[in-house]
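Spelled out, the chains give:
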Amino acid sequence: MLNEIVFLLCAAVTLVGAVAAMMMRNLVHCALCAAGAFAGLAAIYLQLDAEFVGFAQVLIYVGAIAILIVFAVLLTRGGDVQPSAATTSPSWWMGLPVGALVVACLIGSIMASPRLLRLPSQNVHAPVKQIGERLMNQFVMPLETVGLLLTAALLGAVVIGLREPRKPESNAP
Amino acid sequence: MAGWFPTSVQPLVSALLAIACIMPLFGLCFALTTIVERKVLGRMQNRFGPNRVGPYGLLQPLADGVKMLTKEDIVPFSADKTLHFLAPLVLTVPVWLAFAVLPIGRNMSAIQLDAGILFFFAVGSASELAVFMAGWSSQNKYSLVGAMRAIAQMISYEVPLVLSVVPVLMLAGSLELNDIVAAQGTYTIGGLACWNVFTPWGFAGLMLFLIAATAESNRSPFDLPEGESEIIAGFLTEYSGFKYALFFLGEYLGLFAVTGLAVTLFLGGWHAPFQWLEWVPSWLWFAGKFGALIFLFIWVRATLPRLRLDQLLNYAWRFLVPLCLINLLVAAVWYWSGTWKSPVAVPVRWLVCAALIALPYHGLARILRGALPPPRKYSYAE
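Chains as they are written, first to last, in this note's numbering: chain H, 1 to 173; chain L, 1 to 382.
No lab work stands behind these hints, which were simulated from the structure alone.
Incorrect hints may appear among the rest.
[To be verified] Examples of chain L residues lying across from chain H (beta carbon under 8 Å, computed):
1) Val159
2) Ile294
3) Leu296
4) Phe297
[Claimed, not checked] Estimated spans, in silico, between C-beta atoms of each pair:
5) H:Met22 - L:Val352: 55 to 61 Å
6) L:Leu16 - H:Ala64: 49 to 55 Å
7) L:Trp299 - H:Ala152: 29 to 35 Å
8) H:Trp92 - L:Leu41: 56 to 62 Å
Yeah, the Cβ is synthetic: ideal placement off N, Cα and C, and Gly gets one too.
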């Protein structure tokens with residue numbers, strides 16, 4: 001009973017945050033709502049006893065990704081409000097088939113999943129130590145590959161960021 | 001105690017009891033630190049400090065609290081009202097959570113989490129968003145500049161803060177703070193404790209951690225976000241009354257949390273420095289080390305002038321982060337050399353590890369001094 005109430009609350013926070021992130025007019029509000037949705041998702045992970053994933057979700061998404069989005073918004077458009085502009089583009093119906101396709105894919109894979117058989121849960125508790133051992137033994141190749149990819153992306157970002165546009169010499173004091 | 005309540009409400013009661021202990025304890029600690037800080041700063045700057053309220057000015061925090069509570073709460077006309085209201089709450093509420101995993105004495109941590117240290121850093125990550133909300137919603141240039149400075153600083157210094165903790169986790173083999181304390185609970189010959197700070201990597205780690213912690217909690221010499229001589233009060237400019245007090249409470253609580261973590265990770269937690277002193281209550285040892293570190297922070301604040309923003313970021317990325325990575329290597333060597341079976345093993349191990357951290361420190365400092373950027377040219381201020 002209590003579990004269901006907590007789950008419904010977390011789900012409501014996540015969904016309301018996600019919808020608000022799409023609907024708000026002010027980009028900074030959108031970014032903060034997205035952060036709220038990330039936090040709600042972390043709460044759902046924690047309710048599922050996935051401590052590590054839940055804390056990592058907060059640390060990375062709320063702590064880093066949300067800040068990154070905020071920075072991007074401020075540095076590009078200044079987060080200004082345009083009250084006259086509509087939130088939907090005139091060709092919004094073009095997105096319908098894509099959305100329908102995504103939903104169909106999700107529903108298809110969810111229905112095909114063995115989880116739906118509602119097996120009695122075996123109380124799988126994964127201590128952090130076990131996760132670490134798995135990551136360092138069984139999954140060390142994917143981990144290293146992801147690390148290499150991220151390092152390459154980081155270096156690329158630095159190279160792009162280094163190229164400063166040459167400003168014309170001004171005589172202003 | 002366990003028999004007083006039915007089994008169904010026992011978890012709730014124990015959680016409430018922990019909250020009822022932690023909140024007044026660190027709240028009082030906040031009040032005490034404000035008066036001690038002002039007194040010590042006054043002493044170091046050769047003046048009296050507060051001395052009007054109560055004996056020796058000891059009731060000053062009370063007067064401050066009454067003043068803050070009764071002040072008018074001003075919200076700027078063009079401010080984003082909701083965010084302006086939410087920002088102090090988002091800053092202060094998560095910080096309280098961090099104390100839940102700190103072992104402040106033998107068997108004295110509110111919750112035992114498998115990934116305790118991850119929890120600690122996760123709840124701390126909300127403060128960046130809160131500072132941004134405060135700065136942006138105020139609709140004030142100085143507030144926004146302060147917030148951007150704060151975020152740049154917090155993101156940069158979070159990297160060395162987390163990296164300097166990793167060696168401790170490696171050597172203890174656990175993310176649980178109680179296990180880390182237990183790993184430092186043995187004594188060597190002469191009864192001296194085996195704290196992490198008494199090893200080369202531990203000493204370097206503590207120094208790196210304290211520097212990063214000073215920057216994370218926006219304290220002098222890293223107080224650029226509030227640099228009052230440049231940008232009024234940064235993201236606090238448009239706050240008054242109780243909201244302003246809440247920001248200060250949040251900042252001091254954040255400082256207490258990282259100080260407590262430093263004590264736990266490097267200074268042996270609640271263990272006594274000598275075996276024959278174990279009879280002293282464990283929480284007293286924690287409080288003593290905690291107080292000593294807080295005094296160190298106050299001392300640093302009274303001593304060092306404020307950095308410039310480019311110095312601040314260069315210091316983090318070019319100096320602290322490489323040293324943290326090297327320290328990781330030193331910890332690995334220390335761990336691997338622990339199995340050496342030779343009469344000269346101990347001194348050689350110490351020498352190698354100390355040299356591995358001291359030489360890069362010296363070399364990096366020399367290289368960076370040679371590679372200083374040319375004097376900055378100001379476009380508008382000449």
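Query - Satisfaction of the hinted span 55 to 61 Å by the C-beta atoms belonging to H:Met22 and L:Val352 - result: Since the Cβ atoms of H:Met22 and L:Val352 sit about 57 Å apart, the hinted range of 55 to 61 Å holds.
Requested in this report: Just tell me: holds or violated, for the beta carbon distance of L:Trp299 and H:Ala152 against 29 to 35 Å?
Outcome: violated (44 Å)
Query raised in the report: Range hint 56 to 62 Å: satisfied by the CB atoms of H:Trp92 and L:Leu41?
Result: Because 60 Å falls inside the window, the suggested range holds.
Query raised in the report: Falls inside 49 to 55 Å, the C-beta gap from L:Leu16 to H:Ala64?
Result: violated (33 Å)
**Report entry** Proposed interface contact between L:Leu296 and chain H, which counts if any beta carbon pair is under 8 Å
**Finding:** violated (27 Å)
**Report entry** L:Val159 as chain H interface residue, shortest Cβ-Cβ below 8 Å
**Finding:** With a closest approach of 11 Å, the L:Val159 hint is violated.
Report task. Let me know if the C-beta of L:Ile294 comes in closer than 8 Å to any C-beta of chain H, holds or violated. Result -> Since the shortest Cβ distance to chain H is 25 Å, the answer is violated.
Report task. Report holds or violated for the interface hint on L:Phe297, using the least CB-CB distance to chain H and a cut-off of 8 Å. Result -> violated (23 Å)
In summary, the numbered hints that this structure violates are 1, 2, 3, 4, 6 and 7.
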